[in-house]
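Work out the full structure: start from the sequences and follow the hints.
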Amino acid sequence: MLNFFRGNKKRQLFGLISPGALWILLFFNLPLLIMLFISFAERGRTGGIASPVVYTLENYKQFFNACVSQYAGPQCDPFLYLGIFGSSVRIAFVVTFFCILAGYPLAYFMARQKPLWRDTLMLLVIIPFWTNFLVRTYALKTVMSGEGLINTILMNLGLISAPLEMMFNEFGVIVGLVYGYLPFAVLPMYTSVEKFDHSLMEAAADLGAPPSRAFWRVMLPMTMPGVIAALVLVFVPVVGAFITPDIMGGGKVEMIGTLINRQFGVARNWPFGSAMSLILMVLVLLGVIYYFRSSSEETRRAM
Amino acid sequence: MNKILIYLLVLLVLPAMLLAACQPAAQTPAAPTAGGTDSGRCGDRSKLAKEIYLYNWTEYLDPDLKVKFEEECGVTVIETNFDSNESLLATLQAGGAEYDVIVPSDYMVQILIAEGYVMKLDYSVITNIKNMEALNVNQYFDPEQEYTVPWFWGTSGFAVDTSVVKEYTNSWSMLFDPNSPYCGKISMLKDERETIGAALMYLGYSINDTDPAHLEQAKTLLIEQSKCVKAYDSETNDDLIITGEIVLSHMWTGDALLASDPDTGGRADIAYVIPKEGCTIWQDNMAVPTTAPNAYTAMVFINYMQYPEIAAQNAVFVGYASPNKAAKAFIDPEMLANQGVYPPPEVEKTLQWIQDVGDALGLYDRIWTEFLAAVGS
Numbered sequence: 011m012l013n014f015f016r017g018n019k020k021r022q023l024f025g026l027i028s029p030g031a032l033w034i035l036l037f038f039n040l041p042l043l044i045m046l047f048i049s050f051a052e053r054g055r056t057g058g059i060a061s062p063v064v065y066t067l068e069n070y071k072q073f074f075n076a077c078v079s080q081y082a083g084p085q086c087d088p089f090l091y092l093g094i095f096g097s098s099v100r101i102a103f104v105v106t107f108f109c110i111l112a113g114y115p116l117a118y119f120m121a122r123q124k125p126l127w128r129d130t131l132m133l134l135v136i137i138p139f140w141t142n143f144l145v146r147t148y149a150l151k152t153v154m155s156g157e158g159l160i161n162t163i164l165m166n167l168g169l170i171s172a173p174l175e176m177m178f179n180e181f182g183v184i185v186g187l188v189y190g191y192l193p194f195a196v197l198p199m200y201t202s203v204e205k206f207d208h209s210l211m212e213a214a215a216d217l218g219a220p221p222s223r224a225f226w227r228v229m230l231p232m233t234m235p236g237v238i239a240a241l242v243l244v245f246v247p248v249v250g251a252f253i254t255p256d257i258m259g260g261g262k263v264e265m266i267g268t269l270i271n272r273q274f275g276v277a278r279n280w281p282f283g284s285a286m287s288l289i290l291m292v293l294v295l296l297g298v299i300y301y302f303r304s305s306s307e308e309t310r311r312a313m
Numbered sequence: 026m027n028k029i030l031i032y033l034l035v036l037l038v039l040p041a042m043l044l045a046a047c048q049p050a051a052q053t054p055a056a057p058t059a060g061g062t063d064s065g066r067c068g069d070r071s072k073l074a075k076e077i078y079l080y081n082w083t084e085y086l087d088p089d090l091k092v093k094f095e096e097e098c099g100v101t102v103i104e105t106n107f108d109s110n111e112s113l114l115a116t117l118q119a120g121g122a123e124y125d126v127i128v129p130s131d132y133m134v135q136i137l138i139a140e141g142y143v144m145k146l147d148y149s150v151i152t153n154i155k156n157m158e159a160l161n162v163n164q165y166f167d168p169e170q171e172y173t174v175p176w177f178w179g180t181s182g183f184a185v186d187t188s189v190v191k192e193y194t195n196s197w198s199m200l201f202d203p204n205s206p207y208c209g210k211i212s213m214l215k216d217e218r219e220t221i222g223a224a225l226m227y228l229g230y231s232i233n234d235t236d237p238a239h240l241e242q243a244k245t246l247l248i249e250q251s252k253c254v255k256a257y258d259s260e261t262n263d264d265l266i267i268t269g270e271i272v273l274s275h276m277w278t279g280d281a282l283l284a285s286d287p288d289t290g291g292r293a294d295i296a297y298v299i300p301k302e303g304c305t306i307w308q309d310n311m312a313v314p315t316t317a318p319n320a321y322t323a324m325v326f327i328n329y330m331q332y333p334e335i336a337a338q339n340a341v342f343v344g345y346a347s348p349n350k351a352a353k354a355f356i357d358p359e360m361l362a363n364q365g366v367y368p369p370p371e372v373e374k375t376l377q378w379i380q381d382v383g384d385a386l387g388l389y390d391r392i393w394t395e396f397l398a399a400v401g402s
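Line order of the protein sequences matches chains R and C.
One rule links them: number in the working numbering = place in the first sequence (from 1) + 10.
One rule links them: number in the working numbering = place in the second sequence (from 1) + 25.
No wet-lab data here; the hints were simulated from the structure.
As the structure is a prediction and not an experimental result, all values here were calculated from the model.
For every residue, glycine included, the Cβ atom is placed at its ideal position computed from N, Cα and C.
One or more hints might be untrue.
Taking lysine-lysine and the DSSO-like style, the derived pairs with C-alpha atoms no more than 30 Å apart in a straight line are [claimed, not checked]:
| no. | chain 1 | residue 1 | chain 2 | residue 2 |
| --- | --- | --- | --- | --- |
| 1 | C | K244 | R | K151 |
| 2 | R | K151 | C | K301 |
| 3 | C | K191 | C | K374 |
| 4 | C | K252 | R | K151 |
| 5 | C | K244 | C | K301 |
Label-pair ranges, simulated between beta-carbon atoms [claimed, not checked]:
| no. | chain 1 | residue 1 | chain 2 | residue 2 | range |
| --- | --- | --- | --- | --- | --- |
| 6 | R | D207 | C | T83 | 53 to 63 Å |
| 7 | R | L111 | C | D236 | 46 to 56 Å |
| 8 | R | L35 | C | V92 | 41 to 51 Å |
| 9 | R | W140 | C | Q242 | 45 to 55 Å |
| 10 | R | G54 | C | R66 | 54 to 64 Å |
| 11 | R | V104 | C | T245 | 46 to 56 Å |
A few chain C residues that don't get close to chain R, going by computed Cβ distances all over 12 Å [unchecked claim]:
| no. | residue |
| --- | --- |
| 12 | E104 |
| 13 | A115 |
| 14 | E158 |
| 15 | K191 |
| 16 | N204 |
| 17 | S231 |
| 18 | P237 |
| 19 | A256 |
| 20 | Y345 |
| 21 | A351 |
| 22 | Q364 |
| 23 | K374 |
| 24 | R391 |
Written out as structure tokens, the structure reads:
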């Protein structure tokens, strides 16, 4: 068996690649194909799809124009589902913005420390990852709820007379998501900032650039790859998030993720859920590609 | 060097210890059939298997009863738990899992029968079916009572924090009144059937109504109410009412019982109300999958669990309402007096089953999505 690979570079490469490739083929591409198939079928009564299979475009049409559905009411809003998608994108942008805003200085601070400190700080950023996301979100709930830690402290200090409404609304969802995804923003930006040659900032200063100008014209463009990686790593999962809006939003903040999740649960409408998942995937992919193209041009121009 | 040795020792010894700890205690001779007089509750002993596999909700069977059944009939009950009817269905659909007894809820029974996952029961074995209350048998999901034996049942009314809400009525208006003094301190279940259903019943319609105009009305009512609703929550609503964040909470009986029991971290001043306009009734039932390897033993087990003293012991352990009429003589009268758990006959008449509405489920989800979109904006 081993002789098959020995001394043959091509075969060795094949041997190394195939387990991973097979894995992706089997557990990523195949399910995706199944999803694609289901998205063109009709809903089965007990979940799954109706048999015999009837092919239909209904699930896709319905997403873009909610009024084509047989269930459309008299005051139907054609943008029902698109609107929910839109608000998910808006929430994801806000979350990404705050993750980068808070993450960049943190990444900068970490990168400027002595190696030992740097590793410790890195560990502190990573450690929360070792706890289940669901548990962390529930923990956050006990901190932010009406009878939670923050409100209790503020009330006891006499700073507020009634508890602040920090949860069960969009604010709570955004805080929960920023909290959950901040490390995803910090890590890639840290890598970029760490590689950045800080003598360039001195050079900019020598040439008369004030620190803010030096930052905008030199440091930020040169660390842009890290920022873009952070943007993608945060934005993409946040658009489709469903656990955080569920828990922190008190069921009142509908996002595309919670909508899709419901189709595979109580609504028992796998085809519509699959169609929406695929639409979400394609739209996000297009968005990311567009962003990559336009921003790399900008970066080039800036440099 | 020493360190490495110690690590190695720990690595070797620890799993061994864990394994030892995990060995079932009943490895010692299981002494079936032999010894003791026959209680007559074990059916034909020669046909009994040594063990049966029970797929059950958590905390739904007093462990002492498993021991008792094993001592009396010589059959070991191996219990695994599931957390939703959907995961039970998925397990059966995936195949390969050889359970002898499963415990699906009402609507899931209907699906399991339709899909051929459960077998007809032998009532020459399950003679205790005669002990059941009329309310709990021959319902829509098993009209001839051929496939299931009722296990526990309950409702979805609402819980009241009586330390704040001094005066309350048994009406959904406590939750739906737009001028409620408790506005902002109300929670509703997050479940399109339950929550839309509550609105439908408050409006005087059936919980299974599929008339788009009625559902539209229910949606309008829910949107109006949403100003006063702190959260739509089915999982942590009991915590919210215990901590006082909400004072009126649309809730399942089970959670209300936990919330009102100081032994489970609850508060005795939390009451549970079944609204007069109508209220969801649900029921969990024992059934035998068509693939059960030990169907006869499974039915003996189901019958055993419905002997009055046995059913009573389990009802006291679980806390939910027992469908077993004969068992009530053995249940603590104080428990029976709790009208939220054991409602009087006139209330029983107002209870409504959530039935599968078929394709109209799409309409429900549509209404629910429209409602959520309106609340979010």
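Against the structure, the hints:
1. For the hint linking K244/C to K151/R, the alpha-carbon distance of about 29 Å falls within 30 Å, and the restraint holds.
2. Proposed proximity of K151/R and K301/C is contradicted: the alpha carbons are some 34 Å apart, above 30 Å.
3. Our distance criterion of 30 Å between C-alpha atoms is met by K191/C and K374/C, whose separation comes to about 27 Å.
4. Proximity of K252/C to K151/R is assessed by CA-CA distance (about 21 Å); at most 30 Å being required, the pair is judged to hold.
5. A distance of roughly 21 Å separates the Cα atoms of K244/C and K301/C; the hinted pair therefore holds under the 30 Å criterion.
6. Hint check: D207/R to T83/C, Cβ distance near 59 Å, so the stated range 53 to 63 Å holds.
7. A beta carbon spacing of about 50 Å between L111/R and D236/C agrees with the range 46 to 56 Å that was offered as a hint.
8. For L35/R paired with V92/C, a C-beta distance near 50 Å keeps the hint of 41 to 51 Å intact.
9. For the pair W140/R and Q242/C, the supplied restraint of 45 to 55 Å holds, since their beta-carbon distance comes to about 50 Å.
10. About 42 Å separates the C-beta atoms of G54/R and R66/C, a value inconsistent with the hinted range of 54 to 64 Å.
11. Our hint of 46 to 56 Å for V104/R and T245/C is violated, since their Cβ atoms are close to 30 Å apart.
12. No Cβ of chain R approaches the Cβ of E104/C within 12 Å, the least distance being about 25 Å, so the stated non-interface status holds.
13. Not every CB of chain R lies more than 12 Å from the CB of A115/C, the least distance being 9 Å, so the non-interface label is violated.
14. Residue placement check: E158/C keeps its beta carbon more than 12 Å from all beta carbons of chain R (closest about 29 Å).
15. With 12 Å as the threshold on Cβ separation, the claim that K191/C sits away from chain R holds: the shortest Cβ distance comes to roughly 21 Å.
16. For N204/C, the shortest C-beta to C-beta distance to chain R comes to about 20 Å, beyond the 12 Å cut-off, and the non-interface label holds.
17. Against chain R, the non-interface label of S231/C holds: every CB pair exceeds 12 Å, the least being about 19 Å.
18. Consistency note on P237/C: stated as away from chain R, yet its beta-carbon is not over 12 Å from all of that chain's, at 6 Å minimum.
19. Distance to chain R contradicts A256/C as a non-interface residue, since its nearest Cβ pair spans about 3 Å, not more than 12 Å.
20. Non-interface status of Y345/C relative to chain R is upheld: no Cβ of that chain comes within 12 Å, the nearest being about 22 Å off.
21. The Cβ of A351/C sits about 35 Å from the closest Cβ of chain R, beyond the 12 Å cut-off, so the non-interface label holds.
22. In this structure Q364/C is separated from chain R by more than 12 Å, as the shortest Cβ-Cβ distance comes to about 29 Å.
23. Once the 12 Å rule is applied to beta carbons, K374/C is consistent with being away from chain R; the minimum gap is 27 Å.
24. Some Cβ of chain R comes within 12 Å of the Cβ of R391/C; the nearest lies about 4 Å off, and the non-interface call is violated.
In summary, the numbered hints that this structure violates are 2, 10, 11, 13, 18, 19, 24.
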